[in-house]
Amino acid sequence: MSDLAETLMPIAELRRNQPRFRGLEAGHLACLGCGQALAARLVTEAAGPDVAVANATGCLEVFTTAWPQSAWRVPWLHSLFENAAAIASGMEAALKAQGKPAKVLAFGGDGGTFDIGFQALSGMLERGHNVLYVCFDNEAYMNTGVQRSSSTPHAAMTTTSPPGKARMGKRHLKKDIISIIAAHNIPYAATASVAYPSDIRKKVRRALEIDGPAFINIHSPCPLGWGHDGSLSIEMARLAVECGLFPVVELERGALTGTMPLRAPRPVTDYLKPQQRFAHLFQNDPRAKEELEHLQALADHNIETYGLRGERPDPLDSAGADTVRRGGVRWA
Amino acid sequence: MVIYTRGGFALPETSLASKTGTWRLQRPVHRHSSAPCHTACPAGENPQAYLAQVAEGRWREAWETLVAVNPLPAITGRVCDHPCESGCNRGQYDEAIAIHNVERFLGDQAIREGWAYPVTPPSVNAHRVAVVGAGPAGLSAAYHLCRLGCQVTLLDALPEAGGTLRTALPPYRLPREVLAQETQQLLAIGIEFLAHHALGRDVSLDELCTDYRAVFLGPGRQQGREWSVDGRVPADLHTGLRLLQEWVAVGTIPNVKSAAIVGGGNSAVDLARVLRKTGAEVHVITHDALPKLGVPPEGAMKAIPREVKQAREEGVMFHEYRGIQRLILRGERVVGVEMVHMKKLPRPDGSIEIVPFEGTETVLHVEQVIPAIGQVVLATGMERILEGSPFFTVDLWGHVVNHPGVFAGGDARKGSRGTVSGAVGDGRRAALAIDGYLRGAEASEHRAEAIPLESLNLNYFEHEPRAEEPLLPVEQRSGDAEVASGLIQPQVMAESQRCFSCGACLACDNCWTLCPDQSVLKTKELASDGSHYVFDYDYCKGCGLCARECPSGYIVMEDELLFAGLT
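Residue numbers (this note's numbering), protein chains in the order written: chain A, 1282 to 1613; chain B, 84 to 650.
Because the hints were derived from the structure by calculation, they are not lab data.
These numbers were taken from a predicted model, which means no experiment stands behind them.
Accuracy of the hints is not assured; some may be wrong.
To be verified - With beta-carbon atoms standing in for the labels, derived distance ranges:
#1 B:Ser568 <-> A:Ala1560: 57 to 67 Å
#2 B:Arg530 <-> A:Ile1491: 33 to 43 Å
#3 A:Pro1596 <-> B:Pro535: 20 to 30 Å
#4 B:Pro535 <-> A:Met1290: 27 to 37 Å
#5 A:Phe1302 <-> B:Gly519: 35 to 45 Å
#6 A:Phe1302 <-> B:Ala199: 18 to 28 Å
#7 A:Pro1300 <-> B:Glu381: 27 to 37 Å
To be verified - Chain B regions said to be covered by chain A (calculated; three or more residues, Cβ under 8 Å):
#8 132-146
#9 482-492
#10 543-552
#11 618-627
The C-beta atom is built at its ideal place from N, Cα and C for all residues, glycine as well.
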């Protein structure tokens, strides 16, 4: 242990000497095991200090900026729920007018992206602003107490889509946001998952290199809203990818240019069973069995549509992309 | 005091004032667990530790970690049956790490580079200890006593050190230059080596007990067991070990067309291969099973499985579950044996009985029958201690019962499995016990349970094939050329990188990367001891994500109340 003792500086100093950029600092008030906090931390780390952020109302805004404190170490602006993209467009225009090279990021949850802020987002994409819009997709309005959004998956329980006599959870499907975004013919649109941090970093850097609008949707488990232990967030995110319910893809100018193939697709039940929001699907009820089959069919449809079934083991497929090595080589 | 404007803003990272660690019910802690390779090693090596250093390119430090436990890695890397690899968790995932090849490579590199053992010479007034027998047990005991600051005198009846390694191991398994170089470098640390000193001829045990503060006995097993079939023995009876020793020493071997060797240990297999090289038809007859998948180690032949495999490749015929029921003699000369199927069966009282099955007799025509059924200690000079018993009765630490100050280990100990690594471990533990005896303290060693595969997170590993060392083609295995040629450096490096690092920090950055609360801080880019990360308990909320996702099972969650002193 002598090596450790020699290098152990006071912990506050150690924090300032971390070999990575800390865009989102500790002391924020996210729940235990928050997938969104991890995703936002990874995105700001990869983006670096030369950015300005517009943040829609939502969990991320609330837990990072309990007034008078802020967990951010980058210029950051809280917009309304519906206008993060519009604010980001204005910030980008202002920085351009001043001749400053800073890159603008816009952050929103799935509520602020798929639903409430969608019009402003569409406008930002249409006008071609040089902004990276990141959606932290936890599949419901978690900040206000788990109301269903257009991103909530089919058959999931929320407070506004409770399972009961009439329905088995949400009756509608998860909105295919990435196709809608890509249909704006923007240079770069991608999905990513917190279970694959190096993939997130790669996509953020790729998006920031592009001059023009870019969009990344990051699947971010919510332990409280989904009903699983905080320690399982990464496991849930990984299973969502491995079963095909959350395809990890890249689209450029509307065309599919990259996918994370699945080494061995898992049955959707592996992903659904540990989550309380799908508990009603594991009761002895013929409708539950039907919904499970429906969700499996949706996963199979994704696998088919995006050609996710890998032909042979690939270092960048769903089993290879998270491989670790001594010395942290994986995360480079 | 900060005055805020109407718009409302906050300064960067002011959230650090919120000590979210107060939310915590459980805290992550780093806990080292023993890797299964470590708990399986009879010598006490921790391969996980030196594999980590190899993976970081710290070759000499890896060797020093290795020889802190086992001073003979070039030898054991070749001749050990490597239970570390049977224990390796990776074996349940794809294929075990080729630990013996890493060990061998490090030993060979030390010989090539002339690395000196990390031992400081003992002071002039250090305790004097005598070690009898310069085989693996004696060499290990002498080395560890030196490390512990004793002055050691090592005695052996033979002109050179090595013991059974030198007298009975065929050079195609252990080249003599490797044996000579490693033992010479070992003796050079300041061990006084007295060759041609046989106990009971040149020096007596009583003299040693008077002249030295403690004595370690590692004489090995030199006396062949009595053998007969229904009281009959062939006229030309020689034990397998005797023939093997003669072949190793002077190169003579019985010139027969066919032979049956009785026994399933390494001597039987070694002798079978040596005889086979003369062109003879060689049969090995054993009560036990051939080593293969599904056979538990206690039911299988004692010989090293890879040696059995190589012997079969060379054309040695094995008869498993067989025994000899009758010698077929013409006059006093053997012309064949009657074999019968036998099996070890448990009896109601818990004992094991070898049962022959009537009606399964077969005749094997051979010119010679050679028993290789094991040996006992040659009692000369040690009659007082042995008291008529074939082996020494000792405890885990090598204390000879009722003889304070006398320690024993290696093959000569009752219950020894007869492996080199076992002897090295005996020597090491006895050295610790002697050190304790001289200082009036008890020797102790903490041995933890091995961490099971289920405690690792296998999502973070990729399937990668094990590096296999090239073997000499069967048709070229006639002389002393070494059969297994070992791995080259890039292969050794690749093997070390396959290690799961069970129960020890892999330095993979996973916890640092996945903490949503920026509460894992990195301390150093590379180090193999301890951890590379610290938890900032001011902010850690105790979600358990890091523990769940730790690939090597090095992070565990503990109840916060334990730390508050409230339980």
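Okay, the hints, checked on the actual structure:
1. For the hinted restraint 57 to 67 Å between Ser568 (chain B) and Ala1560 (chain A), the CB-CB distance of approximately 59 Å keeps it satisfied.
2. Separation of Arg530 (chain B) from Ile1491 (chain A) is about 58 Å and departs from the stated range, judged on CB atoms against 33 to 43 Å.
3. As the Cβ distance of Pro1596 (chain A) to Pro535 (chain B) is approximately 28 Å, the hint placing it in 20 to 30 Å holds.
4. Remark: the range hint 27 to 37 Å for Pro535 (chain B) to Met1290 (chain A) is upheld by a beta-carbon distance near 36 Å.
5. At about 54 Å, the beta-carbon gap between Phe1302 (chain A) and Gly519 (chain B) misses the expected band of 35 to 45 Å.
6. Range check, Phe1302 (chain A) to Ala199 (chain B): about 46 Å between beta-carbon atoms, so the 18 to 28 Å window is missed.
7. At roughly 51 Å, the beta carbons of Pro1300 (chain A) and Glu381 (chain B) sit outside the given window of 27 to 37 Å.
8. Counting residues of the region 132-146 of chain B whose C-beta sits closer than 8 Å to any C-beta of chain A gives 3, which meets the bar of three, so the coverage hint holds.
9. Counting residues of the region 482-492 of chain B whose beta carbon lies closer than 8 Å to any beta carbon of chain A gives 0, which falls short of the minimum of three for the stated coverage.
10. For the region 543-552 of chain B, the proposed coverage by chain A is satisfied: 4 residues have a C-beta within less than 8 Å of a C-beta in that chain, meeting the threshold of three.
11. With 7 residues having a Cβ less than 8 Å from any Cβ of chain A, the region 618-627 of chain B passes the three-residue criterion, so the hint holds.
Checked against the numbered hints given earlier, the structure breaks hints 2, 5, 6, 7 and 9 and satisfies all the rest.
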